[in-house]
Amino acid sequence: MPSSTLSCNRIISGFARNGHLENAKSLFDAMFDRDVVSWNSILGAYSRHGATSEAREVFGKMPATDGFSWSSMLSAFAHTASRDEVGELFDKLPVRELISWTSMLHSCARDGRLEEMQAVFWRFPCWDVICWNEVITACAREGHLSDALMFHHGIPARDVVTWNIMVRALALEGAVAAFERMPQHDIVSWNSMVHAYGLAGETGSAARLLQQLACFSLAATNSVIGAYGLKGQVEEARRVFDAMLHRNTVSWNSMVAGYVRAGRVAEAKLLFDAMADTAKRDVVSWNTMLPAFTVTEDAAVLELVEECFRRMPFTSQASWNAMLHAYACGGVTQRAEQLFERMPEKDSASWSALASARLLSGKCQSAASVVALMDLDGCKPDAVSYISALEACGMASDLAQGRILHAEIVAADDPALQDGGKVATALVSMYSRCAALGEAVAAFDGMSSKNLVSWTAMVAALAQNGFSSLARLAFWRMELNGFTPDSISFISILSACSHAGSVELGWSHFVSMVGDYGIQPGLDHYACVLDLLGRAGNLEDAHELMDAMPFIPGPDSRTSLLSACRGLPVSKVPEFVPHEQELDGGEDVLFVGILAAAG
DNA sequence: CTAGGGTTAG
1 MPSSTLSCNR
11 IISGFARNGH
21 LENAKSLFDA
31 MFDRDVVSWN
41 SILGAYSRHG
51 ATSEAREVFG
61 KMPATDGFSW
71 SSMLSAFAHT
81 ASRDEVGELF
91 DKLPVRELIS
101 WTSMLHSCAR
111 DGRLEEMQAV
121 FWRFPCWDVI
131 CWNEVITACA
141 REGHLSDALM
151 FHHGIPARDV
161 VTWNIMVRAL
171 ALEGAVAAFE
181 RMPQHDIVSW
191 NSMVHAYGLA
201 GETGSAARLL
211 QQLACFSLAA
221 TNSVIGAYGL
231 KGQVEEARRV
241 FDAMLHRNTV
251 SWNSMVAGYV
261 RAGRVAEAKL
271 LFDAMADTAK
281 RDVVSWNTML
291 PAFTVTEDAA
301 VLELVEECFR
311 RMPFTSQASW
321 NAMLHAYACG
331 GVTQRAEQLF
341 ERMPEKDSAS
351 WSALASARLL
361 SGKCQSAASV
371 VALMDLDGCK
381 PDAVSYISAL
391 EACGMASDLA
401 QGRILHAEIV
411 AADDPALQDG
421 GKVATALVSM
431 YSRCAALGEA
441 VAAFDGMSSK
451 NLVSWTAMVA
461 ALAQNGFSSL
471 ARLAFWRMEL
481 NGFTPDSISF
491 ISILSACSHA
501 GSVELGWSHF
511 VSMVGDYGIQ
521 PGLDHYACVL
531 DLLGRAGNLE
541 DAHELMDAMP
551 FIPGPDSRTS
561 LLSACRGLPV
571 SKVPEFVPHE
581 QELDGGEDVL
591 FVGILAAAG
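All letters in the first sequence, in the order written, are residues 1 to 599 by UniProt numbering.
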């Protein structure tokens with residue numbers, strides 16, 4: 001037991017800073033002479049841990065308080081308490097220093113009151129780099145990137161944190177630029193840069209950067225494991241994981257998540273069980289197991305997931321959402337609706353999961369109404385809400401409802417709804433499926449920055465509405481604009497060719513997809529080409545392709561062949577076209593139709 | 001020695 005108050009305080013603050021709250025507390029309890037610094041250290045520890053009620057209790061017991069005590073309390077409130085409580089405490093402050101003002105910024109930022117935050121910011125008596133950084137972070141986190149950049153440019157002096165915020169906030173290109181421009185790097189800068197590469201799917205660059213690090217970084221290593229997992233490169237992720245000398249809960253969780261995402265549930269479960277001995281399982285570990293069913297769609301896995309959910313020692317909002325999502329994917333809408341009713345709290349992700357449950361079971365109208373319901377319930381619809389509602393309108397061909405949603409999106413005028421043009425792309429698809437091609441084109445033309453996905457949606461819209469040559473033109477313009485078509489773009493263009501009966505062109509796209517772009521054709525591509533050949537009456541080639549394709553021909557491909565025979569005399573129907581007894585319901589009718597037509 | 005900003009996982 002150290003004798004002086006000063007040395008005790010030093011040890012207590014050391015414990016508190018490193019999260020050893022229990023040790024800090026027991027030394028504090030054993031002290032003879034506690035001064036205000038001893039009390040403040042304990043108070044600060046509770047405050048930083050978000051333990052506001054404990055902090056409040058300590059604050060109440062303090063024999064004397066100073067500016068530090070009040071600042072700690074205000075910080076705790078700013079992180080956890082309501083706007084009114086924070087305001088009340090702020091009014092009671094004996095002195096208002098910049099630190100307290102900065103906590104007020106955080107309180108606004110926390111629940112998205114960005115305009116109020118900016119108003120508060122400009123009322124400050126003076127500013128330092130930390131309060132500037134706080135507003136930049138808040139703007140960036142809420143998706144107000146232009147505001148974030150404005151403050152970034154407006155700041156009189158930047159420190160390493162200012163730059164790190166930009167590395168975190170910007171997409172890869174911007175992150176690289178910020179990283180290269182910043183005068184010096186700290187470990188957080190490197191971690192953020194590794195993470196940015198991982199987020200962009202550039203796992204190779206992320207791994208290379210990790211190796212360049214002079215010292216071991218848990219955060220960066222975990223980022224790389226996570227990035228490999230996201231891309232399905234589980235073996236690479238495992239190699240990094242196995243090479244680690246120190247792993248924390250996040251390392252384990254990331255590795256488990258990689259297996260789950262890859263549908264390798266058995267291995268995920270094995271690690272999940274193993275980590276119970278070595279690392280502390282937290283709520284995220286449990287939540288990580290829950291999406292397993294979404295990937296595997298294996299009924300046995302759904303049971304395992306339900307079991308997991310029941311046994312969870314703690315649940316978070318994400319646990320409920322993940323379970324809801326699993327039900328949605330499993331098509332067990334009834335259970336999804338029941339779980340939704342039982343949920344203690346509902347956030348926008350919960351409502352979106354409900355919408356997808358309804359959408360996947362074909363209840364398009366009630367899926368489209370989710371946006372209105374959540375709004376009534378006091379939950380602000382976000383980009384995902386609008387995207388799934390628009391998809392529902394498209395599926396239901398509910399043009400009127402789609403237009404209402406469009407008007408709401410425009411009226412909301414929220415930068416967060418831009419979300420990389422995803423909402424605008426959803427509008428294009430919605431209008432297209434409602435056969436309102438003019439409005440689809442208008443939505444597309446109105447996009448400030450188009451990307452591969454929006455171009456592909458436009459190609460598909462033109463193809464679906466029978467404008468095959470325009471679809472081909474759009475495909476060509478897309479390439480001229482520097483967007484390299486991916487597997488999905490080719491489905492759009494192949495279906496355009498198929499609708500138009502352009503055999504040669506469709507075939508050349510198919511060949512170029514494989515040869516020039518190195519894209520492995522999937523079942524959908526084969527189905528388009530089969531349909532194309534079938535429509536053109538090129539049965540020989542169609543049959544040859546059906547034999548050669550690495551998929552079991554589904555009913556659709558056989559129907560393509562069959563429909564191609566429509567009108568042929570029975571004697572001319574090739575023998576490889578399926579016989580009557582092989583056919584099930586839908587095809588049977590078609591076949592009978594062919595025979596009748598053949599007379 | 002104590003108070004405000006940036007670091008990983010669903």
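Think of the hints as simulated: they come from the structure by calculation, not from any bench.
All figures in this text were calculated on a predicted structure; none of them were measured in a lab.
Check the hints yourself; a few may be wrong.
Calculated lysine to aspartate or glutamate pairs in the EDC-like style (CA-CA distance at most 16 Å, straight line) [claimed, not checked]: (1) LYS346 - ASP375; (2) LYS25 - GLU54; (3) LYS380 - GLU337; (4) LYS380 - GLU54; (5) LYS61 - ASP35; (6) LYS231 - ASP273.
Structure-based check of each hint:
1. As the CA atoms of LYS346 and ASP375 are separated by approximately 12 Å, the hinted pair is consistent with the 16 Å bound.
2. The straight-line distance between the Cα atoms of LYS25 and GLU54 is roughly 12 Å, inside the 16 Å bound, and the hint therefore holds.
3. Restraint check: the Cα-Cα separation between LYS380 and GLU337 comes to about 20 Å, which exceeds 16 Å; the hinted pair is violated.
4. Between LYS380 and GLU54, the direct Cα distance comes to roughly 32 Å. Violation of the 16 Å bound is thereby established for this hinted pair.
5. Restraint check for LYS61 and ASP35: the C-alpha separation of about 13 Å stays at or below 16 Å, so the hint holds.
6. For the proposed pair LYS231 and ASP273, the alpha carbon gap of about 24 Å is over 16 Å, so the pair is violated.
Violated hints, listed in ascending order, are 3, 4 and 6; each of the other numbered hints is respected by the structure.
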